[in-house]
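Residue numbers (the working numbering), protein chains in the order written: chain A, 1 to 361; chain P, 1 to 361.
Be careful, since some hints might not be right.
Any copy, or any two copies together, can satisfy a pair, since identical chains are not distinguished.
[Claimed, not checked] Subject to a maximum C-alpha distance of 25 Å in a straight line, what follows is the list of computed SDA-like cross-link-like pairs (lysine to any residue):
1) 185 with 224
2) 185 with 330
3) 5 with 50
4) 200 with 238
Bear in mind the hints are in silico, worked out from the structure with no lab data behind them.
Single-letter residue listing:
2 protein chains.
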Amino acid sequence: MASMKLNLLGDVAELTRALCDIQSVSGAEGEIADAIEQALKPFSHLTVLRDENAIVAKTNLGRSQQVVIAGHIDTVPVADNLPSKLMSFEREQVIWGRGAVDMKAGVAVMLKLAAELINPNFDVVWVFYDQEEVEASKNGLGRLVRNHPELITGSFAILCEPTSATIEGGCNGTMRIKISTSGVKAHSARPWMGSNAIHKLGSVLERVNEFHPQEIEVDGLVFKESLSAVGISGGIASNVIPDEASVTLNYRFAPSRSVADATENLRSIFPDFPFTVIDSAPGARPGMNSPEAQEFVGAVNASVNPKYGWTDVSRFSEMGIPAVNYGPGDPNKAHADDENVPVSQIYACEVGLRKFLAPNL
Amino acid sequence: MASMKLNLLGDVAELTRALCDIQSVSGAEGEIADAIEQALKPFSHLTVLRDENAIVAKTNLGRSQQVVIAGHIDTVPVADNLPSKLMSFEREQVIWGRGAVDMKAGVAVMLKLAAELINPNFDVVWVFYDQEEVEASKNGLGRLVRNHPELITGSFAILCEPTSATIEGGCNGTMRIKISTSGVKAHSARPWMGSNAIHKLGSVLERVNEFHPQEIEVDGLVFKESLSAVGISGGIASNVIPDEASVTLNYRFAPSRSVADATENLRSIFPDFPFTVIDSAPGARPGMNSPEAQEFVGAVNASVNPKYGWTDVSRFSEMGIPAVNYGPGDPNKAHADDENVPVSQIYACEVGLRKFLAPNL
Numbered sequence: 001m002a003s004m005k006l007n008l009l010g011d012v013a014e015l016t017r018a019l020c021d022i023q024s025v026s027g028a029e030g031e032i033a034d035a036i037e038q039a040l041k042p043f044s045h046l047t048v049l050r051d052e053n054a055i056v057a058k059t060n061l062g063r064s065q066q067v068v069i070a071g072h073i074d075t076v077p078v079a080d081n082l083p084s085k086l087m088s089f090e091r092e093q094v095i096w097g098r099g100a101v102d103m104k105a106g107v108a109v110m111l112k113l114a115a116e117l118i119n120p121n122f123d124v125v126w127v128f129y130d131q132e133e134v135e136a137s138k139n140g141l142g143r144l145v146r147n148h149p150e151l152i153t154g155s156f157a158i159l160c161e162p163t164s165a166t167i168e169g170g171c172n173g174t175m176r177i178k179i180s181t182s183g184v185k186a187h188s189a190r191p192w193m194g195s196n197a198i199h200k201l202g203s204v205l206e207r208v209n210e211f212h213p214q215e216i217e218v219d220g221l222v223f224k225e226s227l228s229a230v231g232i233s234g235g236i237a238s239n240v241i242p243d244e245a246s247v248t249l250n251y252r253f254a255p256s257r258s259v260a261d262a263t264e265n266l267r268s269i270f271p272d273f274p275f276t277v278i279d280s281a282p283g284a285r286p287g288m289n290s291p292e293a294q295e296f297v298g299a300v301n302a303s304v305n306p307k308y309g310w311t312d313v314s315r316f317s318e319m320g321i322p323a324v325n326y327g328p329g330d331p332n333k334a335h336a337d338d339e340n341v342p343v344s345q346i347y348a349c350e351v352g353l354r355k356f357l358a359p360n361l
Numbered sequence: 001m002a003s004m005k006l007n008l009l010g011d012v013a014e015l016t017r018a019l020c021d022i023q024s025v026s027g028a029e030g031e032i033a034d035a036i037e038q039a040l041k042p043f044s045h046l047t048v049l050r051d052e053n054a055i056v057a058k059t060n061l062g063r064s065q066q067v068v069i070a071g072h073i074d075t076v077p078v079a080d081n082l083p084s085k086l087m088s089f090e091r092e093q094v095i096w097g098r099g100a101v102d103m104k105a106g107v108a109v110m111l112k113l114a115a116e117l118i119n120p121n122f123d124v125v126w127v128f129y130d131q132e133e134v135e136a137s138k139n140g141l142g143r144l145v146r147n148h149p150e151l152i153t154g155s156f157a158i159l160c161e162p163t164s165a166t167i168e169g170g171c172n173g174t175m176r177i178k179i180s181t182s183g184v185k186a187h188s189a190r191p192w193m194g195s196n197a198i199h200k201l202g203s204v205l206e207r208v209n210e211f212h213p214q215e216i217e218v219d220g221l222v223f224k225e226s227l228s229a230v231g232i233s234g235g236i237a238s239n240v241i242p243d244e245a246s247v248t249l250n251y252r253f254a255p256s257r258s259v260a261d262a263t264e265n266l267r268s269i270f271p272d273f274p275f276t277v278i279d280s281a282p283g284a285r286p287g288m289n290s291p292e293a294q295e296f297v298g299a300v301n302a303s304v305n306p307k308y309g310w311t312d313v314s315r316f317s318e319m320g321i322p323a324v325n326y327g328p329g330d331p332n333k334a335h336a337d338d339e340n341v342p343v344s345q346i347y348a349c350e351v352g353l354r355k356f357l358a359p360n361l
């Protein structure tokens, strides 16, 4: 498998297509990592380091401030949607194919600016990492932070995940809980001899339906919380009153709440239903109050919104680095069979990021 | 496997144990059918007929009235509770073991009286049938009615199913329905982009919880209706708003309602939730107003109650034969791992049935 040669200084849309056409499903990023490494190596203003299938390229300008700009190079499995195609939807040109949105268009913008900006206002750590679309323990960004803690540092981070070229700050936390009800088995001809565990879930669903999602402002952004049932089960046989049933709920909570706060909030909604926490992850404050974030917002001139999906900005948040998402493509098209990114958004992000990093260029 | 010889004219409790000790799980009734056939054949006042593993023994006295007395000879699977044991619970002697309640004690009473009563007041059709504990299509009583419609006739029928030696008349009808809800899939980080099918079940469970069971008098007995959830399911993945969910309900309705009436009643409770009827069976009116039923109640001198479980009395009801349940054993102990029948109830049923069939004996 000969590596395709990537032209970093050409058109960013063409670079996006070239990246899409190197398949890189999570766990098989070798070829695309080779191509990225080879393409970056010739640029003498960058120090290039490889860690398994992650590549870090860093400027060494001695600037007082350093920013991290990161993107993952893996995709979810291909759905018969490669090689990429350039298509016209109504009046809009799009690049169609697996990874176009999530997130090779963003990676293309990063690669082009990494190569081109030899003299940015900040020192920049460009991070291209593997295995973001799989379990958190394999995440390439997490591994880089463990293996090279001195490298992934800065006062601000931008993750080029798709945001339709708007700025999305922070992310909600997430927690899954399981509420189990119990009863007493009986024949369904004489239900009054038992106690029906499924019937008891009625009150749980009622409270979920009555849940008024709070909108909580954090660092200037308004995060909308939510509580959703994602699973329900119960029943033994068609003539038996079931003695066990359960419902699994997913609570998405504002980044101003800790996991402990979120648990406490659920306990106040379900004081009479003991539950178990299946998993949880804290949110990330958007950090929009930091000077770099303000500067970024001013440069990019795009709307600023909260991010609802959980992304790796949380990793930066845990490291104390304010971080935002900013990249081309509609996040609702990520992983979709008809994944496609408007070309205009790729250019918009190239321009926006350049204005932030090198306003005088 | 040599057939055990059954002594029909001895003690009915010992006969119960002997019947229990011939295992006869549904589909494997050959040995017990052989034993019953061989035991009945010597009695010249009976005409004995065999149909697969069902035995019919009939008197031929030319009486103006004929009654059918029936019981099934199969059991649910053995649960390490055979051979039978005679045990003392507090002050009560019981026969412990699979089938003791459901319904070899009843069969023992039938066999003893079939052999002993050579001159009853009515002609009697004694029916011992197979495969009652499995799907209705295999039911031995149903097969006998199909194969020998001229044989299973009479103006009254007694099924010796366990009733704790009380008279239980008729039975509720039963209907199972499935209510499916639909919604729109979405990521659970942005539930407002979708519509949650599980949440919609909340209103269904609420109505089930608010269902006020009607008590409906039919032929002098009060039947209590019920509506129970017997199954619930929904959920795709722990981060997806599910677009499908369903709950299965079991409605037990008074025998005064037809299946169509019952369906209509459910539609009035769930006008906004289309449902499918999974299965249904009409109830059986107790027919306690018939002269034979009145005579039976007078003879037995036991309390008369509605039957809640669906039993084969419905088959008699469909044939236009009023039928009641009357037999030893607590129906709640049927199929239980600790299945056991009080010996006193076996004697009580022997005496009660004898008083009805041969009051002058």
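Each hint, compared with the structure:
no.: 1; hint: 185 with 224; verdict: between (41 Å within a copy, 19 Å between copies)
no.: 2; hint: 185 with 330; verdict: between (49 Å within a copy, 17 Å between copies)
no.: 3; hint: 5 with 50; verdict: within (18 Å within a copy, 87 Å between copies)
no.: 4; hint: 200 with 238; verdict: both (18 Å within a copy, 22 Å between copies)
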